[in-house]
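J.: Letter by letter, the chains look like this.
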Amino acid sequence: MSALHIKKGTSKHSAYNLRPTFSDVSERHTLAVLVENEPGVLARVIGLFAGRGYNIESLTVAEVDHTGHLSRITIVTKGTPQVIEQIKAQLGRIVVVHEVHDLTVEGPSVERELAIMKIVGQGDKRVEALRLADIFRANVVDSTLNSFVFEITGAPEKIDAFADLMRPLGLAEIARTGVAALLRGD
Amino acid sequence: MTREMTGAKMVVQALKDQGVDTVFGYPGGAVLPIYDEIFLQNDIRHILVRHEQGAVHAAEGYARSTGKPGVCLVTSGPGATNAVTGLTDALMDSIPIVVLTGQVPTFMIGSDAFQEADTVGITRPCTKHNWLVKETDALADTIHEAFHVATAGRPGPVLVDIPKDVQFANGTYTPPKPSTSHYQPMVKGDMEEITELVAAIENAKKPVFYTGGGVINSGPAASQLLRELVEATGFPITSTLMGLGAYPASGKHWLGMLGMHGLYEANLAMHDCDLMICIGARFDDRITGRIDAFSPNSIKAHIDIDPSSINKVIKADIPIVGDVGHVLEDILKVWKSRGRKTETEAVASWRRQVDDWRKVNCLAYANSETTIKPQYALQRLEELTKKHDRYICTEVGQHQMWAAQFLNFEDPNRWMTSGGLGTMGYGFPASIGVQLAHPDSLVINVAGEASWLMNMQELGTAVQFRLPVKQFILNNERLGMVRQWQELLHGERYSQSWSEALPDFVKLAEAFGAKGIYCDNPADLDDAIMEMINYDGPVLFDCLVEKHENCFPMIPSGKAHNEMLLGEADTQGVIDSKGSVLV
Ligand SMILES: Cc1ncc(C[n+]2csc(CCOP(=O)(O)OP(=O)(O)O)c2C)c(N)n1
Ligand SMILES: [Mg+2]
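Chains R and D supply the protein sequences, listed in that same order.
Going by my numbering, the first sequence opens with residue 420, and the numbers climb by one from there.
Going by my numbering, the second sequence opens with residue 258, and the numbers climb by one from there.
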């Protein structure tokens, strides 16, 4: 407390009251950004991250409101609390951005990602891949005598874990959508 | 009232309906239909610049000196790319301008057509927002929205890219109406935070106001309210380069400019204060110096219309998002209703401390009877012009800092300088824009010879439109600011910082049909300045000054406010290796 009876480092507008904003511990945040679906809007968002040196771990985008022409961009990013605050403020400044939500702070939220993986192999490895896919609730969406294509949804960590298991079993290709996320509850 | 018309006609109609009286531009293939419409009317004056960069800086000068948005019209491809520096400059300094660019016809976009450039792509990071208009029916609304975005919230440059077929085609014109777009920045500050700031004002023992360009952008009422608050509280006030004039230099509580070349008393007050009230400024690195040593013991209140400015560099203890004018009004209201309290005695002793710092006389310099010192030239310019209805522009370099130190600004909108981007070549075209907006005022551009040459072609514009702009060149035959850094930082190795092969500025002026004045003798200076003032037309004043003068005070990069250099004696080995990587 200073002589002015104000606790230094407090800010009512910040969700980070309880720890120093200028801490250098990096955190992972999932942001949901509602934007006008006009040409160039994704370039504005990506350009902001590139130009200011922010991280993008994953990014998904699609129109979610066809009459209002609104798209929802889900961005997973990493940074110190100060950087995360800046990212949100900078996103909020883009004229065609309507809303910025930090699901990590506003949470709890559900995060889901979809991946499809091609596993090439025969014999025991093929059987083992199928067995593990069953455990992970991955679906077979294509198969030949030498290969499977699995489809799996889940939190990114689950997909990472599945991919790690598939690697020695013949993982040949993988495509991931990046995270889509929503707040839980109503 | 909607009407059918061509896109080109719509452009002109929309500008008229937005109250535009002046457009700075340069024609080319992709904007010919619009130029045709300009030819056919007399309400909007078109100023033909000599380079599109000049058009944008002129529009900035116009905007900054009037508070109204400046407007430019340029062609596709090279016309648009030439505008990029001006757009970036306006973005950094929050200047509202609307740039209209021609584009190749929609059906040729993407084909590498003649003079095609991805203008919205190139200018996306250097505009507040931009649009490519693909249908004539959307054109009028887009232009109206462009004016709204340029001026609402934190002002900035916008660009509307208009393909040639959209200009030729017919569509429905819609007049401006109150913006219905979702972009409506918040102007009222949070009352709880404002009350907290008022409490801090009541309890502060060593307070300081730190103000910036945001006060000026907020409009004349904000400057008025600021003056009222400063007079009523008796708190000392300093300002950034961009904010000069919001509080008068003759005011009792004025500390002078702060920052890298700011005044000793201003920087020490910032360093030692217990309450810093930042109003419309953004803790730029030229202001803060070393962040971890920046004003270590103060509570920091930060008023800004742009939430991203708050906590970007310095943690705000009392953050207030809102328009400066609105917030100041509320602060005054709350503070008065609570009985106008301050810690009178403590503040008086703080002011005595500030007066002691003032006695250091940090702007002192060794004058000369044989050579014109740049500081002396500016002191004489101040003395001989201060009673005039005067506007000052600058280029970028030492002369700019000396102008900020030695010229006094009594009102907002009177000082046009490139702060954030530091664009050499800004001042001359800016002075043209200012003179057009204020035809009867004395408009002076304080220039360095090197900066001035960067947009010297605009002398043609000044002569053509009979603009009596005064180009006051402090000619040190050096890239003076670069030379100063090389002296202090790079072992006096003056790599490429000589202005070689300079023109004879008097002859140059005469070649364009302007007046040239040369002066290299302190004894002749007053007469020469008077001759410049009294000449009714553009003047190029070549003022030969001391070549190796350094600009002090100076806070070297990577140093704190209280590690300021006051003069040559302080400069030995000042910037350590860590500081020398900073700019
Ligand atoms: C377009 C541009 N290029 C380079 C610089 C870097 N720079 C800053 S000041 C300066 C020297 C300016 O020389 P002059 O205009 O003669 O002014 P002086 O410092 O001598 O007063 C330079 C090259 C800049 N600010 N802008
Ligand atoms: Mg020079």
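Read the hints as simulated data drawn from the structure, not as lab findings.
As the structure is a prediction and not an experimental result, all values here were calculated from the model.
The C-beta atom is built at its ideal place from N, Cα and C for all residues, glycine as well.
Among these hints, one or two may not hold up.
Computed cross-link-like contacts, DSBU-like style, restricted to lysine-lysine with a CA-CA straight-line distance of at most 30 Å [as the list claims (entries may be wrong)]:
hint: 1; chain 1: D; residue 1: K764; chain 2: D; residue 2: K816
hint: 2; chain 1: D; residue 1: K764; chain 2: R; residue 2: K497
hint: 3; chain 1: D; residue 1: K644; chain 2: D; residue 2: K509
hint: 4; chain 1: D; residue 1: K569; chain 2: R; residue 2: K497
hint: 5; chain 1: D; residue 1: K764; chain 2: D; residue 2: K630
hint: 6; chain 1: R; residue 1: K577; chain 2: R; residue 2: K537
Using C-beta positions, here's what the derived DEER-type ranges look like [what the hints assert, rightly or not]:
hint: 7; chain 1: R; residue 1: R471; chain 2: D; residue 2: K644; range: 32 to 38 Å
hint: 8; chain 1: D; residue 1: A370; chain 2: R; residue 2: R550; range: 39 to 45 Å
hint: 9; chain 1: D; residue 1: F371; chain 2: R; residue 2: D561; range: 45 to 51 Å
hint: 10; chain 1: D; residue 1: F364; chain 2: R; residue 2: R550; range: 53 to 59 Å
hint: 11; chain 1: D; residue 1: E757; chain 2: R; residue 2: L489; range: 37 to 43 Å
hint: 12; chain 1: R; residue 1: G487; chain 2: D; residue 2: P335; range: 26 to 32 Å
J.: Range first: 37 to 43 Å. Now tell me if the beta carbons of D/E757 and R/L489 are that far apart.
T.: Hint violated: Cβ distance 58 Å, outside 37 to 43 Å.
J.: Does the Cβ-Cβ separation between R/R471 and D/K644 fall within 32 to 38 Å?
T.: 47 Å, violated
J.: Take the C-beta atom of D/F364 and the C-beta atom of R/R550, compute their distance, and say whether it sits inside 53 to 59 Å.
T.: 57 Å, holds
J.: For the pair D/A370 and R/R550, does the Cβ-Cβ distance stay inside 39 to 45 Å?
T.: Violated, at about 59 Å.
J.: Given the hint that R/K577 pairs with R/K537, test it: the Cα-Cα distance must not exceed 30 Å.
T.: Given pair R/K577, R/K537 holds - Cα atoms ~17 Å apart, limit 30 Å.
J.: Has the hinted range 26 to 32 Å been met by the Cβ atoms of R/G487 and D/P335?
T.: Given about 39 Å between the Cβ atoms, the range is violated.
J.: Could you grab the alpha-carbon distance between D/K764 and D/K816 and see if it respects the 30 Å cut-off?
T.: Outside the cut-off at roughly 45 Å; violated.
J.: Compare the distance between the alpha carbons of D/K764 and R/K497 with 30 Å, and conclude whether the hinted pair is satisfied.
T.: 60 Å, violated
J.: Assess, step by step, whether the Cα of D/K764 is no farther than 30 Å from the Cα of D/K630, and give holds or violated.
T.: Between D/K764 and D/K630 the Cα gap is close to 24 Å, so the pair holds against 30 Å.
J.: Checking one constraint from the list: CA of D/K644 to CA of D/K509, max 30 Å. Satisfied?
T.: Answer holds: D/K644 to D/K509 is near 19 Å, not above 30 Å.
J.: Quick check: does the Cβ-Cβ distance between D/F371 and R/D561 fall within 45 to 51 Å?
T.: 49 Å, holds
J.: Does the structure keep D/K569 and R/K497 at a Cα separation of 30 Å or less?
T.: 17 Å, holds
Consistency with the previously given hints fails for numbers 1, 2, 7, 8, 11, 12, ordered from lowest to highest.
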